Amino acid sequence: GAVVSQHPSWVICKSGTSVKIECRSLDFQATTMFWYRQFPKQSLMLMATSNEGSKATYEQGVEKDKFLINHASLTLSTLTVTSAHPEDSSFYICSARRGLETQYFGPGTRLLVL
Amino acid sequence: GENVEQHPSTLSVQEGDSAVIKCTYSDSASNYFPWYKQELGKRPQLIIDIRSNVGEKKDQRIAVTLNKTAKHFSLHITETQPEDSAVYFCAARKAGGGADGLTFGKGTHLIIQP
Numbered sequence: 001g002a003v004v005s006q007h008p009s010w011v012i013c014k015s016g017t018s019v020k021i022e023c024r025s026l027d028f029q030a031t032t033m034f035w036y037r038q039f040p041k042q043s044l045m046l047m048a049t050s051n052e053g054s055k056a057t058y059e060q061g062v063e064k065d066k067f068l069i070n071h072a073s074l075t076l077s078t079l080t081v082t083s084a085h086p087e088d089s090s091f092y093i094c095s096a097r098r099g100l101e102t103q104y105f106g107p108g109t110r111l112l113v114l
Numbered sequence: 001g002e003n004v005e006q007h008p009s010t011l012s013v014q015e016g017d018s019a020v021i022k023c024t025y026s027d028s029a030s031n032y033f034p035w036y037k038q039e040l041g042k043r044p045q046l047i048i049d050i051r052s053n054v055g056e057k058k059d060q061r062i063a064v065t066l067n068k069t070a071k072h073f074s075l076h077i078t079e080t081q082p083e084d085s086a087v088y089f090c091a092a093r094k095a096g097g098g099a100d101g102l103t104f105g106k107g108t109h110l111i112i113q114p
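Taken in sequence, the protein lines are chains A and B. All the letters of the first sequence, read from the start, carry residue numbers 1 to 114 under our numbering. All the letters of the second sequence, read from the start, carry residue numbers 1 to 114 under our numbering.
Just so you know, these hints were derived from the structure itself, not from any lab. If you're wondering where the values come from, they're calculated on a predicted model, not measured in any experiment. Certain hints may be false.
[Stated by the list, open to error] Reference listing, derived: stretches of chain B covered by chain A, where coverage requires no fewer than 3 residues with Cβ under 8 Å from a Cβ of chain A: (1) 39-51; (2) 100-109.
[To be verified] Pairs of lysine to aspartate or glutamate, EDC-like flavour, derived with a Cα cap of 20 Å: (3) B:Lys37 - B:Glu15; (4) B:Lys68 - B:Glu5; (5) A:Lys41 - B:Asp84; (6) A:Lys41 - B:Glu39; (7) B:Lys106 - A:Glu59; (8) B:Lys57 - A:Glu101; (9) B:Lys37 - B:Glu56; (10) A:Lys20 - A:Glu87; (11) A:Lys55 - B:Asp100; (12) B:Lys58 - A:Glu101; (13) B:Lys68 - A:Glu101; (14) B:Lys106 - B:Asp49; (15) A:Lys41 - A:Asp88; (16) B:Lys42 - A:Glu22; (17) A:Lys64 - B:Asp100; (18) B:Lys68 - B:Glu2; (19) A:Lys41 - B:Glu5; (20) B:Lys37 - A:Glu101.
Every residue gets a Cβ at the ideal spot worked out from N, C-alpha and C, and that includes glycine.
Looking at chain A on its own, in the form it has when it is part of the complex (with noise of 0.2 Å):
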């Protein structure tokens, strides 16, 4: 059990065009998702939390305009990636929170914006 996907594993954009990233929890229900963000070699980081039926809480430092967050179900929340640019190219990877505190972290998604 504990099961998270996430799609697309992988998307190539041009600059200025919007990206949506689906993460799901497939065997469980959670009302929390995170989303976190990995350069290479490097952390994650992470951007917002997400709690279903509710507006996300970003990170210092993370525009909410610009990294849309909604989480509409207790399985399925996604990240919108707004006129992405080159320097959006990333590692975004989510994680869906079951019980009080373990994360199951999803596969990821490699974006890059040309």
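Put chain B on the given structure of chain A with help from the hints.
Relative to chain A, chain B alone:
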């Protein structure tokens, strides 16, 4: 906010020897400390976690110790095997509020020499 320091950044040990990775955290209110293993291009996998009401936890070849007073926790891997080679991340859970994602250390690249 929380700050997690992790050392060393790279650790090379002979197969069969033990490996120890150390982390310190800054927020005394943090109460949950997981360790993740990430292989190249893959998602982080939870390998062990510890809560602040426990000083030590063991799972086969893996153990974690926590010193709340000193605000540090360590991962111990005994009888290392080639498949233990990966990047290991420690993390601390921020306390309270609507944002309670994990703050990660910078990671330790563990290399098991045959």
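To see whether the hints hold, each was checked on the structure:
no.: 1; hint: 39-51; result: holds (count 7)
no.: 2; hint: 100-109; result: holds (count 8)
no.: 3; hint: B:Lys37 - B:Glu15; result: holds (18 Å)
no.: 4; hint: B:Lys68 - B:Glu5; result: holds (15 Å)
no.: 5; hint: A:Lys41 - B:Asp84; result: holds (18 Å)
no.: 6; hint: A:Lys41 - B:Glu39; result: holds (11 Å)
no.: 7; hint: B:Lys106 - A:Glu59; result: holds (18 Å)
no.: 8; hint: B:Lys57 - A:Glu101; result: holds (16 Å)
no.: 9; hint: B:Lys37 - B:Glu56; result: holds (19 Å)
no.: 10; hint: A:Lys20 - A:Glu87; result: holds (17 Å)
no.: 11; hint: A:Lys55 - B:Asp100; result: holds (14 Å)
no.: 12; hint: B:Lys58 - A:Glu101; result: holds (19 Å)
no.: 13; hint: B:Lys68 - A:Glu101; result: holds (18 Å)
no.: 14; hint: B:Lys106 - B:Asp49; result: holds (17 Å)
no.: 15; hint: A:Lys41 - A:Asp88; result: holds (16 Å)
no.: 16; hint: B:Lys42 - A:Glu22; result: holds (17 Å)
no.: 17; hint: A:Lys64 - B:Asp100; result: holds (17 Å)
no.: 18; hint: B:Lys68 - B:Glu2; result: holds (15 Å)
no.: 19; hint: A:Lys41 - B:Glu5; result: holds (16 Å)
no.: 20; hint: B:Lys37 - A:Glu101; result: holds (17 Å)
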